[in-house]
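Novice: Letter by letter, the chains look like this.
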Amino acid sequence: MNATYTLIEMKRITRDYMGMFFTAVLPAFFYVIFGSTVDAKGTVIGNGNVAMYVMISMAAYGAVTATTSIGGQAATERLQGWGRQLGITPMKDSQYVAAKAAIAMVVAAIPILLIYVLGVWTGARGSMSAWLLSGLLCLGGSAVFALYGILVGTAFRSESATGVASGSVVIFAFLGNVFIPLSGTMLTIGKFTPLYGYVGLARYPLTEGHLADGTWEPLWMPLANVLGWTALFAMLATWFVKRGRDRQ
Amino acid sequence: MNTDVAPAIQLRDLVKTFPGRGEAVVRAVDGINLTINPGEIVAFLGPNGAGKTTTLDVILGLTEPTSGTVRVLGQAPRQAILAGRVSAVLQTGGLLRDVTVRETLRMIASTYAAHTPLDEVIDRAGLGPIVDRRVSKCSGGEQQRLRFALALLPDPDLLILDEPTAGMDVTARHEFWETMRADANSGRTVLFATHYLEEADSFADRIVLVAGGHLVADGTTAQIRSRTTGGRQLTARIPDDRWDLVRARLLEAPGVIDVTQRGDRLVVAASDSDAIALLLLTELGGTDLEVSAASLDRAFMALTADDRGSELSGIPHLPERNHAARELVR
Numbered sequence: 001m002n003a004t005y006t007l008i009e010m011k012r013i014t015r016d017y018m019g020m021f022f023t024a025v026l027p028a029f030f031y032v033i034f035g036s037t038v039d040a041k042g043t044v045i046g047n048g049n050v051a052m053y054v055m056i057s058m059a060a061y062g063a064v065t066a067t068t069s070i071g072g073q074a075a076t077e078r079l080q081g082w083g084r085q086l087g088i089t090p091m092k093d094s095q096y097v098a099a100k101a102a103i104a105m106v107v108a109a110i111p112i113l114l115i116y117v118l119g120v121w122t123g124a125r126g127s128m129s130a131w132l133l134s135g136l137l138c139l140g141g142s143a144v145f146a147l148y149g150i151l152v153g154t155a156f157r158s159e160s161a162t163g164v165a166s167g168s169v170v171i172f173a174f175l176g177n178v179f180i181p182l183s184g185t186m187l188t189i190g191k192f193t194p195l196y197g198y199v200g201l202a203r204y205p206l207t208e209g210h211l212a213d214g215t216w217e218p219l220w221m222p223l224a225n226v227l228g229w230t231a232l233f234a235m236l237a238t239w240f241v242k243r244g245r246d247r248q
Numbered sequence: 001m002n003t004d005v006a007p008a009i010q011l012r013d014l015v016k017t018f019p020g021r022g023e024a025v026v027r028a029v030d031g032i033n034l035t036i037n038p039g040e041i042v043a044f045l046g047p048n049g050a051g052k053t054t055t056l057d058v059i060l061g062l063t064e065p066t067s068g069t070v071r072v073l074g075q076a077p078r079q080a081i082l083a084g085r086v087s088a089v090l091q092t093g094g095l096l097r098d099v100t101v102r103e104t105l106r107m108i109a110s111t112y113a114a115h116t117p118l119d120e121v122i123d124r125a126g127l128g129p130i131v132d133r134r135v136s137k138c139s140g141g142e143q144q145r146l147r148f149a150l151a152l153l154p155d156p157d158l159l160i161l162d163e164p165t166a167g168m169d170v171t172a173r174h175e176f177w178e179t180m181r182a183d184a185n186s187g188r189t190v191l192f193a194t195h196y197l198e199e200a201d202s203f204a205d206r207i208v209l210v211a212g213g214h215l216v217a218d219g220t221t222a223q224i225r226s227r228t229t230g231g232r233q234l235t236a237r238i239p240d241d242r243w244d245l246v247r248a249r250l251l252e253a254p255g256v257i258d259v260t261q262r263g264d265r266l267v268v269a270a271s272d273s274d275a276i277a278l279l280l281l282t283e284l285g286g287t288d289l290e291v292s293a294a295s296l297d298r299a300f301m302a303l304t305a306d307d308r309g310s311e312l313s314g315i316p317h318l319p320e321r322n323h324a325a326r327e328l329v330r
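Residue numbers (the numbering used here), protein chains in the order written: chain Z, 1 to 248; chain A, 1 to 330.
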């Protein structure tokens, strides 16, 4: 791991105020609006309450926004020539990936920590293990979307990739039962969309599989969703990266 | 293993192809043989699409050759990069816009096990006044000096520059080469790609001309100038109705290398300029004759024009022209 390189990259991210706003401040704001101020916030769900349910959802959304944008940025900067610049240094691809992965995890942790602290403060309640496990699942699962960012960044090959990536994450969040609880046909469709499994897993320590529409689902369902999308993202990202290399 | 005596660059039958549209294959580099010895300053000259960047990419290990071999300082390209013995100033683009000049230097420096102290590099590339400026706020010339500074970090034995002044205005170009010149006495081997003849002429000891993926000439500036067009260029005004006749007659004359038309003037490249001048002024009825030393530009155009291009411009003496070119390929 190249510490100097990673630290400068880190500094670069924190200087990007707009990016920070969308990854950390906006999801925190969503939590305050939809989680901590609603009447039902104290209603018990599984091992905690509604406020905690919304808190986990928004933390997951923020973390995914962060990793998607880091992945997208990595892809675009490499395609726009920084990859060639690094290609003539002794730095290995694996070192670059390690640096970016470390950054993605640190940046994804920012909205999670911020929203969880707000949660403690505004009435999110749950068991200790629910707090801890959901936080770790938010962080770990968000890594999958770094692949999605790379895929979008490589496919679109320009600055517009960032917009496409973050815009599509919002759509996935609606479809994936993240922002508003879905039911009926929408929920059935939603179960096949990329964010459904991730947010379902992150909430599992709290809900133990109970959904907002009163139904229950076993752990393998969100897990299968995550594994399926991870495989697809990895495959497509590899294909786009390879196509990009062949064209150079 | 003594690598000090190895050539700085050695290319053998280098071929690099890319998939083109449909079934077509683009031969970007089509059989280049080249040896560059330590300490040489060589210009890699050719029009756009000649295969310059592709060849340099192979030398830098950024791409694998389709066939043929590459040795850089006696090593495989990537090994030479890992050892910090070769570095490059790449074409425009490729810097992170939202970091500062110093941060860019620190990032690239961190990839080397050992590197020249940053302050020394900053000083040599003249980056002192802009070191804390963001890259996005730097002019094209300043960004190119930053790329040069990055290339100096490993203190390389071989420095490669890929069209380092493309897109710069005249002043920035001049400044860039001044910076380069100040560094040139360090004894390192320099290979730079350019399509500016004046740069090749003023900075290089040796010029390697490439066109269409082939090496078409290799020699000193003077050699290329004198041996490709036979030394003299004659232009004259010719009566409109006599063009075809005059052209046919000139092409039969001894020592004529090519005949072209520029506006209402006939342009002849010839080795025996006195005889051709006499012929033009008497028998052929030419007026307003001018005789000049063939320019490097003409040599360049004659050598790098592809076959179709030369037919269109009315140069029927392809065998002879190629013969002159071939003589220069050693």
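Don't read these hints as lab results, they were simulated from the structure.
Note that the structure is predicted; figures quoted are calculated from it, not measured.
Each residue gets a CB set at the ideal place from its N, CA and C atoms; glycine is no exception.
Treat the hints loosely; a few may be bogus.
[Stated by the list, open to error] Beta-carbon label-pair distances, calculated as ranges:
id, chain 1, residue 1, chain 2, residue 2, range
1, A, G140, Z, R243, 26 to 36 angstroms
2, A, R78, Z, L7, 54 to 64 angstroms
3, Z, A40, A, G140, 52 to 62 angstroms
Novice: Next, verify each hint and record whether it holds.
Specialist: Checked hints:
Look at A:G140 against Z:R243: about 30 angstroms separates their beta carbons, and that is inside 26 to 36 angstroms. Judged by the Cβ atoms, the range 54 to 64 angstroms given for A:R78 and Z:L7 is violated: they are separated by roughly 27 angstroms. Judged by the Cβ atoms, the range 52 to 62 angstroms given for Z:A40 and A:G140 holds: they are separated by roughly 59 angstroms.
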